[in-house]
Structures are given as structure tokens and as C-alpha cells.
Amino acid sequence: MAITVSIPTILRTHTGGEKSVEASGATLAEVIDSLESNHGGLKARLVKDGTLHRFVNIYVNDEDVRFAGGLEAKVADGDNVTILPAVAGGSR
Amino acid sequence: MARYDSLLDALGDTPLIGLPRLSPSPTVRLWAKLEDRNPTGSIKDRPALAMIEAAERDGTLWPGCTILEPTSGNTGISLAMAAKLKGYGLVCVMPENTSTERKQLLQAYGARIVFSPAAGGSNQAVAMAKELAKQNADWVMLYQYGNPANAQAHYNGTGPEILRDLPEVTHFVAGLGTTGTLVGAGRYLREHKPEVQIIAAEPRYGELVYGLRNLDEGFVPELYDPDVLTGRYSVGSYDALRRTRQLLETEGIFAGISTGAILHAALAAAEKSAAAGKRADVVFVVADAGWKYLSTGAYSGTLDEAAARMDGHLWA
Numbered sequence: 001m002a003i004t005v006s007i008p009t010i011l012r013t014h015t016g017g018e019k020s021v022e023a024s025g026a027t028l029a030e031v032i033d034s035l036e037s038n039h040g041g042l043k044a045r046l047v048k049d050g051t052l053h054r055f056v057n058i059y060v061n062d063e064d065v066r067f068a069g070g071l072e073a074k075v076a077d078g079d080n081v082t083i084l085p086a087v088a089g090g091s092r
Numbered sequence: 001m002a003r004y005d006s007l008l009d010a011l012g013d014t015p016l017i018g019l020p021r022l023s024p025s026p027t028v029r030l031w032a033k034l035e036d037r038n039p040t041g042s043i044k045d046r047p048a049l050a051m052i053e054a055a056e057r058d059g060t061l062w063p064g065c066t067i068l069e070p071t072s073g074n075t076g077i078s079l080a081m082a083a084k085l086k087g088y089g090l091v092c093v094m095p096e097n098t099s100t101e102r103k104q105l106l107q108a109y110g111a112r113i114v115f116s117p118a119a120g121g122s123n124q125a126v127a128m129a130k131e132l133a134k135q136n137a138d139w140v141m142l143y144q145y146g147n148p149a150n151a152q153a154h155y156n157g158t159g160p161e162i163l164r165d166l167p168e169v170t171h172f173v174a175g176l177g178t179t180g181t182l183v184g185a186g187r188y189l190r191e192h193k194p195e196v197q198i199i200a201a202e203p204r205y206g207e208l209v210y211g212l213r214n215l216d217e218g219f220v221p222e223l224y225d226p227d228v229l230t231g232r233y234s235v236g237s238y239d240a241l242r243r244t245r246q247l248l249e250t251e252g253i254f255a256g257i258s259t260g261a262i263l264h265a266a267l268a269a270a271e272k273s274a275a276a277g278k279r280a281d282v283v284f285v286v287a288d289a290g291w292k293y294l295s296t297g298a299y300s301g302t303l304d305e306a307a308a309r310m311d312g313h314l315w316a
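The listed protein sequences derive, respectively, from chains Z and C. First residue of the first sequence: 1, per UniProt numbering; consecutive thereafter. First residue of the second sequence: 1, per UniProt numbering; consecutive thereafter.
Since the hints were derived computationally from the structure, they do not count as laboratory data. Careful: at least some of the hints might be erroneous.
[What the hints assert, rightly or not] Listed below are the simulated BS3-like cross-link pairs for lysine-lysine, each with C-alpha atoms no more than 30 Å apart in a straight line: (1) 103/C with 74/Z; (2) 84/C with 134/C; (3) 84/C with 74/Z; (4) 86/C with 134/C; (5) 74/Z with 43/Z; (6) 134/C with 103/C; (7) 272/C with 193/C; (8) 278/C with 74/Z; (9) 19/Z with 48/Z.
Predicted model, so just to flag it, every value in this text is computed and none were measured.
Kindly generate the complete structure, drawing on both the sequences and the hints.
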């Protein structure tokens, strides 16, 4: 089993239009590196200066990673990772 | 005492209801704070009245004034009722994809509605309201996303009521929109019981709502204070609907759809405590009742059908 990552419309230019792609890794940082190796350019849209981009929210099984270790949040096979643009109530 | 001099005086002091059937165990308990028992039927009566009274006190609002506010519905309905009783006009900027009941209620109270495009969601309603405020200098925008009186209403009301009724509270779960409920009630609870977990449930909408949003135009309410929160969940329409129905079927509470999303996060928190062998008393907000969403089809047909119908609707 792999990790399923949902990609928002605005970032699908990096995934050839795919809504959902697979990745691997034990932490969110590893998952993002794994995404970058298959879909170049994604990482720069998600991570800035070593932390999550201000207006990007990432969830592991619906829980916001900012409250679960950020880029070091634990991820396991079978988990769903969801990337979303911040809406009202983003990270500051 | 259940006698009040006017409808506005009947605000707050809402019931806290135990949910023995939904609670994971006798030591991990769920409690519903019934905010639909406010004068216009939603938690938004608290911030709406507090913002009006603060503006009256500081002299920005007097009888005959017109109030302007971006709202997805409930705040507008609360403001419309208070404006009617106090002699103000009201203009609401509201996304066009909110339920028809919300529009009808606002119109019944005499409010004027300016619609913002569905695809822009609440963010665009806020942007349009700010633009209208510039063009109409005599209108008073209370601006629930940045008005400290919003969070203060929960700091003075919602938070103390919970601690009074349930001193053993371990978790408080509410919806994340303006962030006023979580920041206000959360701050009060953390000040008095630092170990209390403050958990946000935010709606996750379909493609239509997110589709056009640019990552560089994120909007974060001025009231938001991430230091108050200890957890945050994003809940999609399907889970929100599933939990809304579960609350009705198991405990008899007929709540609106955003409450289903809040319950989903509350159950996730409760199950974490149960798995860790810890006792928990999880309070979550019932933001409004289901009446305003009957026309969306949320309560009829299969869950999949209802979720498909909700796609593109703003339900929180």
C-alpha cells in the first residue's frame, strides 16, 4: 500500500491534471520529496524556507499537520494526505 | 429564570446536553452545547449582538445607520433581527451558493442582500464587502472576521458557561470560520484550565469552491490566534452529513450540517482519548438546527445522493 495524496486544482499543472497521486514516506517531508521526484515543481509550491507555505494547508487523515509535527508529522501506508489552499481560518 | 424583557435579553445560557449513546464509554463522554437555542437559532447571535453593542458604545453606530457585513448567512440573520429591533438598516454580502432558507430569512427581516460569486466562497464576500465599505463611507461594517467583540462574546459567554456547567471539561470543539468561537471560548478555557484541548473543525468543500482559489491569496481572519488551538480537522461534505444524521438518529438532535463536521472532529478526539485509556469530557458546539438546510436535501435519500447534492454548496 502507498500513501494517497489529493492535489488541489491549482497545483494539478504539476501532476498532469491528476486529482490524486501516490507517494511514499514515513514523514510528511519524505512524502513531499517523493512527490517532487515524480512531479517536479510541487515541493516549491508547498514548502518555503523549510516550513509549510503560509497559505497551504496539509492534512493527514483530515488532521492538520501543523498541529501534528508539521513537516515531521508521521505518515503511514494507507493514509490519505490532502493538500488544500487555505480558506478562512488558515495558518495566520 | 426563563422570563426576559425582550428577545435580545434571551441570548446565551444555552443547554449542555449529555450524549450517552454517542459517547465511546462512560469515562469518555460527549456533550452538545445547543447554540441553536439562541434568539434567531444560531451561535451567531452572540457575536452579532456583542459587535452591535460595542459599536454603539464607541459611537460608530446610532439609530438610522446602515450596517454592512459579509456573511454566509447566520451572522446576517442575527444582525438582521437586532437591526430590526434597534432601528438600523442592514446590507449583507453573501455567496450566492448558500441555502435558500438563509436568503428568505434575511429578506423576511428586511435585510438587503448583495450576492458574491459562488466560486469565490466567503473570501470573495469579504473582499466585496470591503470594496462596498469604501464606496459607502456612511455604512458601518462590523466585520466579524476582525472585530474583537466577536471573540469577546465567547470569552464572556460561551466559555464561562461551559466551565460552570462542566468543570471537568477536557476538550472544546467548534467550527472554524471567523475563528471567534474557538479563539474566544478557547482562550477563556485555557486561562482557567491550561490542559484543555481546543479543536477546530473546518469545512472541506468540493471543487467548485476551491477551484479558482490561488495559493497566494489565502485569507486568514484577523481574529485568528493559532496559539489557542491544539488541533484542527478538515471535514468533507460526506462525513459532515453522515455525522449530522447520526446525531439525529442516536441522540435525537436535529442539527445543521456544520454541526456534523464539528461532531466528526469531536469523535476523532474522543476516540484518541479512549485509545490512550484517558478519561475525557468533550464539549462540542451545535451551531444551529437543521431547519435552514432542509431544501438542500441533506436529510433525505442516501448519504451519497445527499453528498452529491451538497457539492458546491456552502454549508458552514
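*Measure nothing beyond the straight line between the CA atoms of residue 74/Z and residue 43/Z; if it is 30 Å or shorter, mark the hint as holding.*
18 Å, holds
*Is the Cα-Cα distance between residue 84/C and residue 134/C 30 Å or less?*
Within the cut-off at roughly 24 Å; holds.
*Does residue 103/C pair with residue 74/Z here, judged by a C-alpha cut-off of 30 Å?*
44 Å, violated
*With a cut-off of 30 Å on the C-alpha distance, tell me whether residue 84/C and residue 74/Z pass.*
The given pair, whose Cα atoms are some 52 Å apart, is violated under the 30 Å limit.
*If you draw a straight line from the CA of residue 278/C to the CA of residue 74/Z, is it 30 Å or shorter?*
Within the cut-off at roughly 22 Å; holds.
*asked:* Next pair to validate is residue 272/C with residue 193/C; report whether the Cα-Cα distance is within 30 Å.
replied: 20 Å, holds
*Verify the proposed pairing of residue 19/Z with residue 48/Z, using a straight-line Cα cut of 30 Å.*
23 Å, holds
*Starting from residue 134/C, check that the Cα of residue 103/C is at most 30 Å away, please.*
25 Å, holds
*Starting from residue 86/C, check that the Cα of residue 134/C is at most 30 Å away, please.*
Given that 30 Å is the threshold and the Cα spacing comes to 25 Å, the pair holds.
In summary, the structure is inconsistent with hints 1, 3 from the numbered list given earlier, while agreeing with the others.
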